[in-house]
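Please arrange chain C on chain P, whose structure you already have, making use of the hints.
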Amino acid sequence: MTVDVAIVGGGASGALLAARLAEAGRSVTVFEAGPRREAGDMISSQIWSRRLRWGGPPVATTGANPIGFGFNAGWGTGGAALHHYGTWPRLHPADFTVARDHRRARDWPIGYDDLRPYYDRIQAEVGLSGDAAAETWRPLGAAYPMPPLPPLKQGEVLARAFAAAGIRTAPAPMAINSVEFGGRPACQYDGWCDAGCPIMALANPWALYLPRAETAGARILSDTPVTRLLATRAGRIDAVEYRGADGRRAVQAARLVILCGSVVGNPALLLNSASALYPAGVGNDHDQVGRGVMTHGLVQVLGLFPDETEPHRGVVGAHLISHDAYAKTATPGAFGSRQWLIAPSIKPNDIAGLAAARLDLNGAALDAWLRRAVRHAANIIGMCEALPDPANRVELSAETNAWGVRGARLVHRFSDDAKRLYAALRDEGQSVLKGGGATDIWTTPMNSAHLMGGTAMGTDAGASVTDATGRVHGIDNLYIAGPGLFPTAGAVNPTFTVHALALKTSDHLIDQRSDLFGRA
Amino acid sequence: MSVTRREVIGRPAAGLVLVPLSGGLLGWLSPADAAVRGETFRTLTATEAAWLAGLGEAIAPPSRAGGLVRFVDHHITVPAADSLLALRYLDVAPPYANFYRPALAALARRGAPPPAGDPRWTAILGDLAGSGGAGWSGPPAPLFLFAVRLDAIDIAYGTRAGFARLGVEYLPHIEPETDW
Numbered sequence: 149m150t151v152d153v154a155i156v157g158g159g160a161s162g163a164l165l166a167a168r169l170a171e172a173g174r175s176v177t178v179f180e181a182g183p184r185r186e187a188g189d190m191i192s193s194q195i196w197s198r199r200l201r202w203g204g205p206p207v208a209t210t211g212a213n214p215i216g217f218g219f220n221a222g223w224g225t226g227g228a229a230l231h232h233y234g235t236w237p238r239l240h241p242a243d244f245t246v247a248r249d250h251r252r253a254r255d256w257p258i259g260y261d262d263l264r265p266y267y268d269r270i271q272a273e274v275g276l277s278g279d280a281a282a283e284t285w286r287p288l289g290a291a292y293p294m295p296p297l298p299p300l301k302q303g304e305v306l307a308r309a310f311a312a313a314g315i316r317t318a319p320a321p322m323a324i325n326s327v328e329f330g331g332r333p334a335c336q337y338d339g340w341c342d343a344g345c346p347i348m349a350l351a352n353p354w355a356l357y358l359p360r361a362e363t364a365g366a367r368i369l370s371d372t373p374v375t376r377l378l379a380t381r382a383g384r385i386d387a388v389e390y391r392g393a394d395g396r397r398a399v400q401a402a403r404l405v406i407l408c409g410s411v412v413g414n415p416a417l418l419l420n421s422a423s424a425l426y427p428a429g430v431g432n433d434h435d436q437v438g439r440g441v442m443t444h445g446l447v448q449v450l451g452l453f454p455d456e457t458e459p460h461r462g463v464v465g466a467h468l469i470s471h472d473a474y475a476k477t478a479t480p481g482a483f484g485s486r487q488w489l490i491a492p493s494i495k496p497n498d499i500a501g502l503a504a505a506r507l508d509l510n511g512a513a514l515d516a517w518l519r520r521a522v523r524h525a526a527n528i529i530g531m532c533e534a535l536p537d538p539a540n541r542v543e544l545s546a547e548t549n550a551w552g553v554r555g556a557r558l559v560h561r562f563s564d565d566a567k568r569l570y571a572a573l574r575d576e577g578q579s580v581l582k583g584g585g586a587t588d589i590w591t592t593p594m595n596s597a598h599l600m601g602g603t604a605m606g607t608d609a610g611a612s613v614t615d616a617t618g619r620v621h622g623i624d625n626l627y628i629a630g631p632g633l634f635p636t637a638g639a640v641n642p643t644f645t646v647h648a649l650a651l652k653t654s655d656h657l658i659d660q661r662s663d664l665f666g667r668a
Numbered sequence: 626m627s628v629t630r631r632e633v634i635g636r637p638a639a640g641l642v643l644v645p646l647s648g649g650l651l652g653w654l655s656p657a658d659a660a661v662r663g664e665t666f667r668t669l670t671a672t673e674a675a676w677l678a679g680l681g682e683a684i685a686p687p688s689r690a691g692g693l694v695r696f697v698d699h700h701i702t703v704p705a706a707d708s709l710l711a712l713r714y715l716d717v718a719p720p721y722a723n724f725y726r727p728a729l730a731a732l733a734r735r736g737a738p739p740p741a742g743d744p745r746w747t748a749i750l751g752d753l754a755g756s757g758g759a760g761w762s763g764p765p766a767p768l769f770l771f772a773v774r775l776d777a778i779d780i781a782y783g784t785r786a787g788f789a790r791l792g793v794e795y796l797p798h799i800e801p802e803t804d805w
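Here the protein sequences come in this chain order: P and C.
Heads up: the first sequence at position 98 corresponds to 246 in the numbering used here, and the numbers run straight through without jumps.
Heads up: the second sequence at position 46 corresponds to 671 in the numbering used here, and the numbers run straight through without jumps.
Next comes chain P alone, as it looks inside the complex:
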């Protein structure tokens, strides 16, 4: 039987599109490569949380500065959004016009004003906590529907440090309930966001859009990776080929196909779908598929303060934020935006935990330091922009993976500008903590967070993969959603923008593409 819509990937954008299209009366099937997740899977443990990270065929991460795919990607219904931290700032207007303003990189085919109503609708529906007036840098938009999260002890210490340095801060805009909202409870500040939030105070896909999709009749298949897109004539996809939970290959015909997989998964699927019709891969007539993958450069600065900070309590994203130096040219000697995420909760263990900050300590010395740190540590995350580079890309490896298709490689290096932004953040962070009274200060090497690009939207079919609606150039019924669409990435966490773009695409499909379904 032909379905109206086949959605590949059950993460943030797939869940939203499934809910909206099913509620609009379309027959929808979601193909999720990983297992079905439920609230009971979100166990409060950094160790157990690793089940929520990528568990599919390995992705080879390479290049001068490899991006951590296993850390960033998700595994199972809910995708990476199941373990995301709920930090939801908006992109700034200048993030959409880097080429026009600075003759660098490329512009978005839409501007902030086009996306603003979707940001507003999403935050009203999902619920955001924050203080719009305090974010003096915030683009125009509706006020947040909930008051901000409290700073807690760590945030209070760090707010004073930033104020002493003359850097403005504001409560972070968080997709976490500060009060009961939408039938979901308020946050308890127990610091397990990255293990998944089973009480649904954090707006992961199981808090909102996946239940809505199922209620509206969408069929959500787990353990069912899509391996190829099938086409018998140019300009149209007929069906998706998938591997069922029993390991057998099967085909699902669809009137509309939407790729909502990861920044690696979507290009890999397009490239693996090469055929006589599409010899270089679907949507890849101009060698754009997979190119321009971006991440955010990241530094963590930690210090020990005389005050008790209770760093294990709070939310993992941030309690405070600063965009005081967000402008593209605000950092001397470097180009690009940057932000501070202030007072994220931090546990003793794990790759971003307290102990990971002190690779120089072992044995009794590590034990003694940890006993101080769990009471007196405070930390800040500096995040910076990295402009797209065509050489940073997803490509196929020579080997066949467990799904019977060629595996994926992710090649990446940071630009010199990104490295300079990292250095500026590192130095500024150390200065802020020192001025705030920290007695011992540590910084991490340049790490990465988030994956964006690789299937960029644009007006020029020769320099992008999709148009402004997410439709793949030259193919009438194939769309892409998710952070892969970003032509540039700004320096803000991407999930709010992912939701806003997916909502915009859903409006387009519901209001303007009834022709796809053979009825008006």
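Please keep in mind that the hints were generated in silico from the structure rather than gathered at the bench.
All values reported here derive from a predicted model rather than from experimental measurement.
Among the hints, erroneous ones may be present.
[Said to hold, decoys possible] Computed beta-carbon distance windows for the label pairs:
| hint | chain 1 | residue 1 | chain 2 | residue 2 | range |
| --- | --- | --- | --- | --- | --- |
| 1 | P | ASP268 | C | ALA706 | 35 to 41 Å |
| 2 | C | PRO740 | P | ARG252 | 55 to 61 Å |
| 3 | P | ALA187 | C | ALA737 | 44 to 50 Å |
| 4 | C | ALA741 | P | ARG520 | 19 to 25 Å |
| 5 | P | GLY188 | C | ALA733 | 37 to 43 Å |
| 6 | C | THR747 | P | GLY585 | 32 to 38 Å |
| 7 | P | ALA382 | C | ALA733 | 46 to 52 Å |
| 8 | P | ALA475 | C | ALA741 | 41 to 47 Å |
| 9 | P | ALA478 | C | GLU802 | 46 to 52 Å |
| 10 | C | ALA737 | P | LEU509 | 23 to 29 Å |
| 11 | P | ASP564 | C | PRO739 | 43 to 49 Å |
| 12 | C | PRO740 | P | ALA187 | 22 to 28 Å |
| 13 | C | ALA706 | P | ASP435 | 50 to 56 Å |
Positions of the beta carbon are idealized from the N, C-alpha and C atoms, including for glycine.
Relative to chain P, chain C alone:
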């Protein structure tokens, strides 16, 4: 005791290990309890296990009694998608045994691991932070050290008992039924 198929499937996922008990029976134990009883391992050899235990103890002393070796042995044996090792974050291709075992074998070529607290551990950790020392083979030594460090800290400080050791409230939404 009788062990059903459902238990065999479910309990390893909950971090319990199946071990022989007296009278020819099988039973489920936590990895820490299993370590105390000295049962054999699923994948690691006794020599590899001894080096892993010593290395973990040199980094995070409570990790040995906490069951580091059982933890790693179990999670390099199960399918990668079920593994709870921090190695998942480091984009190392499974099977994960192929990451740990050559490195531990390289260490084993030095002879028996020094006892806990022996000053030779300082030199060994220093070697691993660099080239790995003479005769090193396997994954890059600093990456191996980083992975074992994350494992040892998980077991020493990342469980409810570990939090308690540091005097930190655990504050779970959903309490783990087992540590791993």
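Each hint tested on the structure:
Our hint of 35 to 41 Å for ASP268(P) and ALA706(C) holds, since their Cβ atoms are close to 39 Å apart. In this structure, PRO740(C) and ARG252(P) meet the distance hint of 55 to 61 Å, their C-beta atoms being roughly 59 Å apart. Checked against the hint of 44 to 50 Å, the pair ALA187(P) and ALA737(C) passes, with Cβ atoms roughly 48 Å apart. At roughly 24 Å, the beta-carbon separation of ALA741(C) and ARG520(P) lies within the given 19 to 25 Å, and the hint holds.
Checked against the given bound of 37 to 43 Å, the beta carbons of GLY188(P) and ALA733(C), roughly 41 Å apart, stay inside it. Separated by about 33 Å at the C-beta atoms, THR747(C) and GLY585(P) satisfy the suggested range of 32 to 38 Å. For the pair ALA382(P) and ALA733(C), the supplied restraint of 46 to 52 Å is violated, since their beta-carbon distance comes to about 60 Å. For the pair ALA475(P) and ALA741(C), the beta carbons lie near 54 Å from each other, so the given range of 41 to 47 Å is not met.
Separated by about 49 Å at the C-beta atoms, ALA478(P) and GLU802(C) satisfy the suggested range of 46 to 52 Å. At about 26 Å, the CB distance of ALA737(C) to LEU509(P) agrees with the hint of 23 to 29 Å. Evaluation of the 43 to 49 Å hint for ASP564(P) and PRO739(C) yields a pass: the beta carbon distance comes to about 45 Å. The hint said 22 to 28 Å for the Cβ distance between PRO740(C) and ALA187(P), and at roughly 46 Å that hint is violated.
Separated by about 33 Å at the C-beta atoms, ALA706(C) and ASP435(P) break the suggested range of 50 to 56 Å.
Of the hints listed earlier, those the structure fails to meet are numbers 7, 8, 12, 13, in rising order.
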